[in-house]
Every structure is written in structure tokens, then in C-alpha cells.
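We have chain A already, so just place chains B, C, D and E on it with the hints.
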Amino acid sequence: MILGKVIGSVWATKKDPGLEGMKFLIIGYLDEDENFTGDYDVAVDSVGAGYGEQVLIAKGSSARQTKLTHNRPVDSVVMAIVDRYDIHDKE
Amino acid sequence: MILGKVIGSVWATKKDPGLEGMKFLIIGYLDEDENFTGDYDVAVDSVGAGYGEQVLIAKGSSARQTKLTHNRPVDSVVMAIVDRYDIHDKE
Amino acid sequence: MILGKVIGSVWATKKDPGLEGMKFLIIGYLDEDENFTGDYDVAVDSVGAGYGEQVLIAKGSSARQTKLTHNRPVDSVVMAIVDRYDIHDKE
Amino acid sequence: MILGKVIGSVWATKKDPGLEGMKFLIIGYLDEDENFTGDYDVAVDSVGAGYGEQVLIAKGSSARQTKLTHNRPVDSVVMAIVDRYDIHDKE
Amino acid sequence: MILGKVIGSVWATKKDPGLEGMKFLIIGYLDEDENFTGDYDVAVDSVGAGYGEQVLIAKGSSARQTKLTHNRPVDSVVMAIVDRYDIHDKE
Numbered sequence: 033m034i035l036g037k038v039i040g041s042v043w044a045t046k047k048d049p050g051l052e053g054m055k056f057l058i059i060g061y062l063d064e065d066e067n068f069t070g071d072y073d074v075a076v077d078s079v080g081a082g083y084g085e086q087v088l089i090a091k092g093s094s095a096r097q098t099k100l101t102h103n104r105p106v107d108s109v110v111m112a113i114v115d116r117y118d119i120h121d122k123e
Numbered sequence: 033m034i035l036g037k038v039i040g041s042v043w044a045t046k047k048d049p050g051l052e053g054m055k056f057l058i059i060g061y062l063d064e065d066e067n068f069t070g071d072y073d074v075a076v077d078s079v080g081a082g083y084g085e086q087v088l089i090a091k092g093s094s095a096r097q098t099k100l101t102h103n104r105p106v107d108s109v110v111m112a113i114v115d116r117y118d119i120h121d122k123e
Numbered sequence: 033m034i035l036g037k038v039i040g041s042v043w044a045t046k047k048d049p050g051l052e053g054m055k056f057l058i059i060g061y062l063d064e065d066e067n068f069t070g071d072y073d074v075a076v077d078s079v080g081a082g083y084g085e086q087v088l089i090a091k092g093s094s095a096r097q098t099k100l101t102h103n104r105p106v107d108s109v110v111m112a113i114v115d116r117y118d119i120h121d122k123e
Numbered sequence: 033m034i035l036g037k038v039i040g041s042v043w044a045t046k047k048d049p050g051l052e053g054m055k056f057l058i059i060g061y062l063d064e065d066e067n068f069t070g071d072y073d074v075a076v077d078s079v080g081a082g083y084g085e086q087v088l089i090a091k092g093s094s095a096r097q098t099k100l101t102h103n104r105p106v107d108s109v110v111m112a113i114v115d116r117y118d119i120h121d122k123e
Numbered sequence: 033m034i035l036g037k038v039i040g041s042v043w044a045t046k047k048d049p050g051l052e053g054m055k056f057l058i059i060g061y062l063d064e065d066e067n068f069t070g071d072y073d074v075a076v077d078s079v080g081a082g083y084g085e086q087v088l089i090a091k092g093s094s095a096r097q098t099k100l101t102h103n104r105p106v107d108s109v110v111m112a113i114v115d116r117y118d119i120h121d122k123e
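Protein chains in written order, with this note's numbering: chain A, 33 to 123; chain B, 33 to 123; chain C, 33 to 123; chain D, 33 to 123; chain E, 33 to 123.
Calculated directly from the structure, the hints in this document are not laboratory data. Bear in mind the structure is a predicted one, so any value in this text is a computation, not a measurement. Hints should not be assumed to be uniformly reliable.
Each pair may be met inside one copy or between any two copies, as identical chains are not told apart.
Computed list of lysine-lysine pairs in DSS-like fashion (alpha-carbon distance at most 30 Å, straight line) [said to hold, decoys possible]:
| no. | residue 1 | residue 2 |
| --- | --- | --- |
| 1 | Lys99 | Lys46 |
| 2 | Lys99 | Lys47 |
| 3 | Lys55 | Lys99 |
Looking at chain A on its own, in the form it has when it is part of the complex (with noise of 0.2 Å):
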């Protein structure tokens, strides 16, 4: 999965009628000491996370297997908001 933060929305009147009522969140990605790498993606909030927030996300097939986005068009997904994370070991 990867380390993130919800940084914006996109918004979709047109759209698969399977993606009806999901909330599109643009999630920067965030590296190791919690800076942006620079990269982001367009994600389904299936948790309910705010702007802000760190969030893991999961994609591909595996973004699929939450109850909101079961069989949809959908490859990248919240599906936790992060309490914090921490780095014990990088020698």
C-alpha cells in the first residue's frame, strides 16, 4: 500500500453509471519522513477521510474489494485513514 495525503477533489458529473455517489479524492504521496514525493493519484474514499489526512491507499484489483467499490471501474482506494507511522529500523 502506499502513504499518502488527501490534497484535493476532482469532480465528475460524467461518469460510469457504476461510480454514482463515490468521492473522487486527489491523495499526494507522502516518502518515509512524511514529505511529498511529488507524485499523486485520484482515489475512491471509502473511509471517510479529510482534507489533510494521512491515508493508505490500495490499488489495482485489490482496490475493488471494499463493499463501496465491489466490481466498479476503480483502481486506487482509501481504505484506512493513518493514526501515525513510524520508522524504528533504517540503518
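Then chains B, C, D and E, alone, in the frame of chain A:
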């Protein structure tokens, strides 16, 4: 998902029978500031996207979760036309 | 999908039984201006592509959605021969 | 699969119900000479890996082929603890 | 698929039960001119590949389409030993 802009088309007469009638769009990837990243993708259009429109792309097996692309040898689909996207928080 | 050009072949006698009779093509990736990007891929040919022809490649599980590649250990397939592609809009 | 080393943990209280009880490890990727590459991943632990241990990671839908991760929104799993790895031939 | 060369092995005693008896090979990726690219992968051997041999690798869910790897947490498999590969056309 990835944010992109429709910048071209691909014509292919000789192809897998399952691809008959599909429209192949060339999508230039966009960064958070709506600039092209230099990367592109060829995606099947499932929402009637036109040249110059901003779109969302789903990739991999997720690209086969639309009615049009189900069980087809397609790994990228335009599944939404973007009205707009905003970056709210990126300190 | 990815745009590429058939630039070579791979011969492999000892292989998974499910691959018997398949033709493995080396595909040089093309950018938007029909130049090689420097990356390549080995793909199974499902449409009778010849050397020098431009092709479309589907990857991952989508590469197994042709009659030839169904349930085979193949992650890349040539599923269309490109007649031409045009860039219409890239300001 | 990818070789990595367990370097940290992620805590997430609010998450998809299917993730309850899973341990999220931060894995620093290793190159052939056992140095960190600078990339990392967050993977579910299915083998009881501890800090500083070298591990093998399976990604994508393959990460859901363990008893613990079956049908869960997880795209990366630690599926083996590495005793050692050797480079025998690289001329 | 990717062209590579068998350059090493990984030993792992503690692992997912589904991986019992599998041989994990370290594969150095090759470019079109048979030079190492610097990237590598750990793949399960399904064809009896030896050190120094050139091989083809299938990745992702396609890596689980051999008899040996079916339903196992494996995302990379050696599914062919390469006799030779030729570049015919690259102007």
C-alpha cells in the same frame, strides 16, 4: 485513477474481435497543476469524451469493469469526464 | 494500452506447456511522435503482426482476455495492429 | 517478488472492516547488494516478520492469495522471511 | 513479459504454506542488447532454469497461471527459458 486530457486517437482495423466498435483515445497525463507530465496512455472511451476534455482513467483489471469493456483485452478505460479538480491542502 | 513497434522475436523451446505455439514478439515502445522511448516488452502475438508494424499492447490480466491467451502465463499481448495515430490537441 | 527489510509500522484505527487485526509494516526495498533503494511499501504481515528482518513481498492480486488477506483491500503482503540471498552470476 | 538472466537465489524457511517447495530465483533484467538494466526481480521457477540462463518472466496475476503457482501468493514466475532473441528492425 489518473488525470489526463484527450489529445488524439488511434485507428486499428486489424484487431482482436472483442475490440470491435471501440474508440481508442490517446490521453496525455496531467499533473496537479493541469500541465502535461510527458507520459501518455491509450484508453478505450466508455463515456463519450471529446478532444481537449479532462478525464479520469482506470487501469488494469479495473479497466474491464464497465459494460463496454467487460472481458475484453483492454487495460485502460476513460470512465469519467472531469468537470474540474481542486488542490485544497498541500503545505 | 501502449503504442509500440515490432522490432524482434524471442525463441524459447523449454517453456510452460500453456505457451506451446505462441509467437513472442519484442515490442519497442513508441512515444507520441512515433519515436522509440528506449523501453521494450515481450508480447504474445494474437493478430498476426509483422516486423516494423505499429501495434497496441494490453498488459496484465487484460493480456489474457484473448482466445489465444486465456488462462495462460502471459502478461502482455498484441491485440491490434495500428493503421495510424494522430495527436489532435496538445497545447 | 521484491526483497525488502522491515523498517517501521503504520497505525490506523479507522479503516475498512476487512482490515481488522492486520499488522501494516513499512518495508524498505533492497537492491542486489542489500542496500536500500530509497523506495518503500506498506505491506500486511502474514508470517510474523520483525523489525530489521529481510522479507519477500508479493504485490497486486497475488497479495490476496494468503489465508489472512483473501478478498481484502490489500495490495502488498509479506509472504516469506528471507534467511539469505546470494548473487551467483552477474558478469 | 520481461527478458532476464538468472543471477542468484533466495532462501526462506519461514513462509506462507502455499510456497512450500518453490525455488526463488533472482533475475537480473536484460535490455535489448543483452546487457543488465540494473533492475532485478525475485521469481518462482516453473521450468527448471539454471544460473546464467536467459529467461522470460510473467508478472502479476499472470504469474499464477502455471500449475505450480496457481492460487499462490506469487507475483513473478519464470515461464520460459530463452534460446535466443533477435532484434530485426529498429531504425
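Comparing the hints with the structure gives:
1. Lys99 / Lys46: both (23 Å within a copy, 15 Å between copies)
2. Lys99 / Lys47: both (20 Å within a copy, 12 Å between copies)
3. Lys55 / Lys99: both (14 Å within a copy, 21 Å between copies)
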